[in-house]
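Asker: The primary structure of each chain is shown beneath.
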Amino acid sequence: MKKFAYFPGCSLEKMASSYHKSALETTKYFDIELQELDDWNCCGATTYFHLDEILANTLVARNLALAEKEGLDLVAPCSACYKNAYFTTKYFRKDPELAEHINFALEEDDLHFDAKIDVYHLIEIFVNDVGAEKIKEGVQNPLEGLVIAPYYGCQIERPGKGVPESEDPSYFEDLISAMGAKPAYFPERLRCCGGSLIMTSRVPALDMVKVLLASAERNGAHVIATACPLCQVNLECYQSAVNEEFGTDFNLPVLYFTQLLGLALGIAPDKLGIGAELVSAAPVFNKLLPKEAS
Amino acid sequence: MTSKPTFRDEIANLLYASQGSPTNACIQCGTCSGTCPVANYMDQTPRRLIGMINANLKEDVLDCNTYWFCASCYHCTVRCPADIDIAGVMYAIKRYSIWNKTYREDLVGPRFSEAFMKTVIRSGRSYEPLLAPTYMFHFGPKEFFNEAVNASKMMLKGRIPVLPPRIKRLDNFKNMVKKIIPLGENS
Ligand code: SF4
Ligand code: SF4
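First to last, the sequence lines map onto chains D and P. Under my numbering, think of the first position of the first sequence as 1, with each following residue one higher. Under my numbering, think of the first position of the second sequence as 1001, with each following residue one higher.
Isolated chain D, as found in the complex (with noise of 0.2 Å):
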């Protein structure tokens, strides 16, 4: 069994509680288990870094130092979060005395943060230590006939490793080919989703929503699969208003891919958390229904 920490994130609680369901449950199906951090803080999102760049880098600082007193590698579901958490520790990695000034202030809290461990998307445990074989293995019930839009959204490949395929990855897709599903083509796929935007500039983050949803739509997708809970979020619970702003009539369901390879791999919905949507997923089960029926 391998073991990751687990940052969930403020999202994951209450208005990404089915991402944070299906993760446990599809991780747990191949023998990975993800202990949540003990008292956690917030990340700061996007948001701190308007304020103070040490002071954001600090509370990402806590939950890295949390995570390496288990000495585990930290695993974030939340892109913005798994961001956050990839940019301290190199920061920390490249420049120490910044990493001297943070340590001294996390003293406070009996912590201390020496960038030993590393950081990954929730994604990356999937593609990496599972890896696509595996999951073909797994999969129980092929989602046969259904197309999903592979959304990376923009913080995971952002700024990158250094790898040259940041601008073209394809493990998303190859993990949706894994679930028995067909990938549809879906050039927006690292165009970002207007994250909190929507809070601050309303019109402006619609219409980002607007331009993802349009082509998805257009390329024949049933549903978008998402890596993120703000791009879940945007997409989904926005998708009435950007209807009303620009006269569309998208009826797109937004699902976490958690909750995809979920199903595929024949776990409940509702241990999935499915059934929590706005925009209801109910033609995903139509599109998988005959297979199950035959």
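It should be emphasised that the hints constitute simulated quantities derived from the structure, not laboratory data.
With a Cα cut of at most 20 Å, we get these calculated EDC-like pairs of lysine to aspartate or glutamate:
hint	chain 1	residue 1	chain 2	residue 2
1	D	K134	D	E173
2	P	K1168	D	E13
3	P	K1168	D	E36
4	D	K2	D	D31
5	P	K1168	D	D110
6	P	K1168	D	D38
7	P	K1179	D	E97
8	D	K134	D	E124
9	P	K1179	D	E107
10	D	K182	D	D168
Once you've looked at the hints, dock chain P with the ligands against the given chain D.
Answerer: Chain P with the ligands in isolation, oriented as in the chain D frame:
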């Protein structure tokens, strides 16, 4: 002999942790503007903004909505041929405008950031409903109503917490924050 730092220097000094070339490495190629998903809504495109910083057009830079409309998606940063961290620069101007209170009154971004920060400092966690007053104050009733309808739909699906969460070792957390930025009494 010390001369007053230029605006460009001030911005450069605000980027302590993030790395990348200084803004004057910009070759004005426009890759950032072509990449930016929000450029259509910005008063000045990212390329122009970098040019304006380099020309020390402080007032014009601070007066535009560009940096508050930046969604921090880093696409410009990854693609810039001169290796300028444009997203990091946008963050830096946000900080500059909050500290110096030079942001435009009609923008929601700065208020939202301040409200968010206060929530995190007090509890160690973020909590969406606490941000509602900021929202109501700055948007019209229609937007607020739409937002409230959306929120109650999410509430019905159990997707919004009823009580604000907080971390256990909050005192240690607050002392940690104070070591980085000294806070006023009521923060
Ligand atoms: S992409 Fe870089 S070099 Fe090109 S205009 Fe933008 S900041 Fe300047
Ligand atoms: S980081 Fe900001 S400026 Fe750069 S492409 Fe994204 S939204 Fe545009």
